[in-house]
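Chemist: Just so you know, the sequences run in chain order A and B. Using my numbering, you'd call the opening residue of the first sequence number 19 and step up by one each time. Using my numbering, you'd call the opening residue of the second sequence number 19 and step up by one each time.
Take the hints with a grain of salt, since some may be wrong.
It does not matter which identical chain is meant; a pair holds if it fits inside one copy or across any two.
Said to hold, decoys possible - Pairs of lysine to any residue, SDA-like flavour, derived with a Cα cap of 20 Å:
id, residue 1, residue 2
1, Lys-53, Val-127
2, Lys-158, Ile-59
3, Lys-96, Asn-73
4, Lys-137, Val-152
Just so you know, these hints were derived from the structure itself, not from any lab.
Spelled out from the first residue to the last, the chains are:
There are 2 protein chains.
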Amino acid sequence: MPKWMATSSASFEPPIIGCVVSERNHTFGILKATKQCVINIPTLELAAQVVGCGNTSGRKLDKFKAFGLTQTAAARVKAPLIDECFASLECKLVDAKLVAKYCFFIVEVVQAWIDRSRKDPRTLHHRGRGAFMVAGETIKLPSKMK
Amino acid sequence: MPKWMATSSASFEPPIIGCVVSERNHTFGILKATKQCVINIPTLELAAQVVGCGNTSGRKLDKFKAFGLTQTAAARVKAPLIDECFASLECKLVDAKLVAKYCFFIVEVVQAWIDRSRKDPRTLHHRGRGAFMVAGETIKLPSKMK
Numbered sequence: 019m020p021k022w023m024a025t026s027s028a029s030f031e032p033p034i035i036g037c038v039v040s041e042r043n044h045t046f047g048i049l050k051a052t053k054q055c056v057i058n059i060p061t062l063e064l065a066a067q068v069v070g071c072g073n074t075s076g077r078k079l080d081k082f083k084a085f086g087l088t089q090t091a092a093a094r095v096k097a098p099l100i101d102e103c104f105a106s107l108e109c110k111l112v113d114a115k116l117v118a119k120y121c122f123f124i125v126e127v128v129q130a131w132i133d134r135s136r137k138d139p140r141t142l143h144h145r146g147r148g149a150f151m152v153a154g155e156t157i158k159l160p161s162k163m164k
Numbered sequence: 019m020p021k022w023m024a025t026s027s028a029s030f031e032p033p034i035i036g037c038v039v040s041e042r043n044h045t046f047g048i049l050k051a052t053k054q055c056v057i058n059i060p061t062l063e064l065a066a067q068v069v070g071c072g073n074t075s076g077r078k079l080d081k082f083k084a085f086g087l088t089q090t091a092a093a094r095v096k097a098p099l100i101d102e103c104f105a106s107l108e109c110k111l112v113d114a115k116l117v118a119k120y121c122f123f124i125v126e127v128v129q130a131w132i133d134r135s136r137k138d139p140r141t142l143h144h145r146g147r148g149a150f151m152v153a154g155e156t157i158k159l160p161s162k163m164k
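Put together the whole structure using the sequences plus the hints.
Modeler: Written out as structure tokens, the structure is:
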């Protein structure tokens, strides 16, 4: 898993995501050069692997092998999906204007994969220094919001 | 509460946040004109008010009055804090380069307020169309990550 410091959905149509990737990370150079990536979304079951991946570098280690993760081919980009993840988003870089100043990449999701059998996936949300908030229940309120 | 479509922490030092605000929202014009805002972070107890605020416009309605929320003065910006919220971030606009194309505002947090007595606040995470994931427990793993 690339060490994404943060991601946010920036628009729905087209589906645009903004990601900050530290220039110290191996991912930074690969993303700049290939203009493609896959964002894989792990759940609680993968917490140990998430921390393992975050504490090592792809420059020196084959993380798939080291952490027992399975590569599968993506449909529209060359980077692989992580099969164990709940969801994977194939992305292409669409705007690099803020990369130099903020390490901020704007990507468009060109293909999305999700395990539909899991209604309330226990996704992980980094609170810093190895602490992760685990997703709890989902509530539904009447709303006009998209 | 302004209807933030998404926020993400983009860097730690200085603390920078990226926010997409729809140009249809009253917040969009205010943020562009004043170059300041407060990001208030609500928890489960405020879910009904969050949806109420998201389904109405500050152009036509005094949301503080309509939803029983309390204004308190901020220290470094003119926009008010919402007293009932778990945390409030006073922000100043530092980069508007991507506003025209993506409605994306880059702000710096100049003052932060948090209710430290609440260790695991049940924050709300919009999944779309009135569905909110509620924050569950926080787990801690040994890690070198910031």
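Chemist: Does each hint fit the structure? Answer for all of them.
Modeler: Verification of the hints:
Taking the closest pair of Cα atoms, Lys-53 and Val-127 come within 20 Å of each other only inside a single copy of the chain (12 Å); across copies the shortest separation is 30 Å, beyond that limit. Taking identical chains as interchangeable, the C-alpha atoms of Lys-158 and Ile-59 lie at most 20 Å apart only when they sit on different chains, with a minimum of 19 Å there against 23 Å within one chain. Proximity of Lys-96 to Asn-73 under the C-alpha cut-off of 20 Å is found in neither arrangement, the shortest distances being 24 Å within a copy and 41 Å between copies. In the homo-oligomer, the alpha carbons of Lys-137 and Val-152 lie at most 20 Å apart both inside one protomer (15 Å) and across protomers (14 Å), since each shortest distance falls under that limit.
Hint 3 alone, counting from the list given before, is not met by this structure.
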